[in-house]
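Engineer: Residues per chain, in single letters:
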Amino acid sequence: MSSVKIRGLTKTYMRGSERLDVLNNLDLDVKGGDFVALMGPSGSGKTTLLNLIGGIDRPNSGSIFVDNQRIDQLSDRQLAHWRSRNVGFIFQMFNLLPVLSAERNVELPLLLTNMAAAERRSRARTALSLVGLDDRASHKPAELSGGQEQRVGIARAIVTDPGLLLCDEPTGDLDRKAGDEILELLVALNQSQGKTIIMVTHDPHAAERAQRTVHLDKGRLEMDAAA
Amino acid sequence: MKYLRLVRASLMRKKTRTLLTIGSIMIAFLMFGLLSALEKAFTAGVDIAGADRLVTIHKVSLIQSMPLAYYNRIRAVEGVTEVTHATWFGGYYKEPRNFIATFPIEAETYLKIYPELEIPDEQRAAFMQDRAGMAAGYVLAEKYGWQVGDRLPIRSEIYRQDDGSDTWEMTLRAIYRPKDNLGDPTALMMHYDFFNESLPERIRNRAGWYVLRVDNPDNAPQIAEAIDNQFANSSTETKTSTEKAFAAGFANQVGNIGAIVTGVVTAVFFTMLLVTANTMGQSVRERTNELAVLKTLGFTNNRVTVLVLIESLLITAVGGLLGLGLAWLLIQVLGDALRQFLPVFYLPPRDLLIGLALMAIFGLVAGALPAGQALRLRIADALRRGA
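The listed protein sequences derive, respectively, from chains A and B. Residue numbers for the first sequence follow my numbering, so the first one is 1 and each next one is one higher. Residue numbers for the second sequence follow my numbering, so the first one is 1001 and each next one is one higher.
Keep in mind that a hint or two might mislead.
Simulated pairs of lysine-lysine, DSSO-like, Cα-Cα distance not exceeding 27 Å [what the hints assert, rightly or not]:
1) K31/A x K5/A
2) K1239/B x K1112/B
3) K1112/B x K1094/B
4) K140/A x K1014/B
5) K1179/B x K140/A
6) K5/A x K218/A
7) K1059/B x K140/A
8) K177/A x K5/A
9) K1244/B x K1059/B
What follows is a list of derived Cβ distance ranges for each label pair [to be verified]:
10) R1008/B x T113/A: 35 to 43 Å
11) G1372/B x T12/A: 21 to 29 Å
12) T12/A x G1281/B: 46 to 54 Å
13) T1271/B x R220/A: 20 to 28 Å
14) S75/A x G1281/B: 22 to 30 Å
15) G1023/B x T113/A: 53 to 61 Å
16) R1008/B x T126/A: 23 to 31 Å
17) R220/A x L1020/B: 47 to 55 Å
18) I1260/B x M115/A: 50 to 58 Å
19) Q69/A x L1326/B: 50 to 58 Å
Hint data in this document are derived by calculation from the structure and do not stem from the laboratory. The structure displayed is predicted, hence computed values, not measured ones. We put the CB at the ideal spot given by N, CA and C, even for glycine.
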């Protein structure tokens, strides 16, 4: 269970000479074990906020605490180590490596540990069976359906057992049925394993599965509602 | 090792492109291997030349002979410990196309000065005792199937005997092997006295060149000068140089082989470098999103950079080793066929090591630019572009 505390978060991009205020003095608290849906129109700063919480982007000002550890001041190297142990990322486009089998994709984060090869494979298999794909371990992404690819993505995100899962439109590229299955899986991970989940989505149907919905607009928190 | 699968999978993403790149690297290193052997063939004499050996030739050119009387005068120069002489005979066996590098020599001193020509003791004694005896390199003997004891007619395209004959009947008494395969194993040596006595009176007692050993190589320049000063302003002036300089001059008669080889190899490698760097650059550009994902998963900037460099090194090593291996194989196969023209034709171990070093250097250089791109890759930007 990972808690997130954000204070005074500001993120600005420069597009040519134009200054874009993507996040503007934003505060947010996410309790450990929460399942939060992050909604808002395009360009409202949802993905940027997710990237900042996941330590793959840096704010211009403000602070981000995950499990009481301030991450916005860590070096690139420290952030990389922190991500490998504490965060699982799930992407809209799955972002699997096409040249590797499902099992090898899931094993990737474990390459950064000192685990023996046999243990890595065993853990990857376990993660795949948790998402119901143990019979597809040797298949490459191109041989899987979109829903199956996203399951592999989820298995990769949970294989190191992180407390925080960050999902960027996880059902955005799936049909309703496959999307529902993915949402079921996320709910199960949240409820049975206590994962804190922050999910960016455009889809109100998907947001309904979260315990709480946070609306962003023009870089500000507009509405915060419990389900 | 745990990343090897990842690296290999990345390289095999575009099999045709990777194989073509490996092919171009292989050709570059094949050329390197063959040209190294060729350079060795032309400069072997330079490499094996003794530092304590000097060669005295006619000042005008190597083909002009000198009086035999110079022998004692050179021997008398301070610092000279041994002198021998040899002459270019222009020999062939039966027909002119069977050319043989044949030298009438003063055997006793010649074999002292060239201890690298190894001859079994009993054959050596037999050769020394028989004035009409010969010593042949083992490759020459193998080529014509000569056995010790064979009586053979050796003809000259330069000299005629007093009776007008161009054929010297001699007995093969010894077969020599150059130590460490660095000498010429295709030459033929005959006794100078036997040769000299058979010539018309007017051209007797001449020597092609003198080879001398000095007591201290550091004094070689002074000794060379002392020798040449002795014969200055005579009808036959001399030019004395180290054997290395002499051999280099001999090799360079067909051009500066070293410079030619270096030029060709540099051009080939430069092209290979561009091809490999282009392949790696393209490969990294295509995988921007994947590299960003690796970083997202916790791969540090350095680790991703090293992975790209390993890819580059691996592709260069595979191509390079295939190329050098193929060169080695070709040299083994062609070596025997070319032995008559290039007695010393092999891939020197030193050049193999240079080849390995070049693989590492080119792998790193070709991978440097894409590795730099991977290092600087910002995750959020790359994911946004890839989305």
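Engineer: Next step is simple, just say for each hint if it's right about the structure.
Structural biologist: How the hints compare with the structure:
no.	hint	result
1	K31/A x K5/A	8 Å, holds
2	K1239/B x K1112/B	23 Å, holds
3	K1112/B x K1094/B	31 Å, violated
4	K140/A x K1014/B	15 Å, holds
5	K1179/B x K140/A	59 Å, violated
6	K5/A x K218/A	20 Å, holds
7	K1059/B x K140/A	77 Å, violated
8	K177/A x K5/A	34 Å, violated
9	K1244/B x K1059/B	17 Å, holds
10	R1008/B x T113/A: 35 to 43 Å	21 Å, violated
11	G1372/B x T12/A: 21 to 29 Å	27 Å, holds
12	T12/A x G1281/B: 46 to 54 Å	32 Å, violated
13	T1271/B x R220/A: 20 to 28 Å	57 Å, violated
14	S75/A x G1281/B: 22 to 30 Å	28 Å, holds
15	G1023/B x T113/A: 53 to 61 Å	38 Å, violated
16	R1008/B x T126/A: 23 to 31 Å	25 Å, holds
17	R220/A x L1020/B: 47 to 55 Å	54 Å, holds
18	I1260/B x M115/A: 50 to 58 Å	55 Å, holds
19	Q69/A x L1326/B: 50 to 58 Å	56 Å, holds
In the structure shown, a violation is registered for the earlier hints numbered 3, 5, 7, 8, 10, 12, 13, 15, in ascending order.
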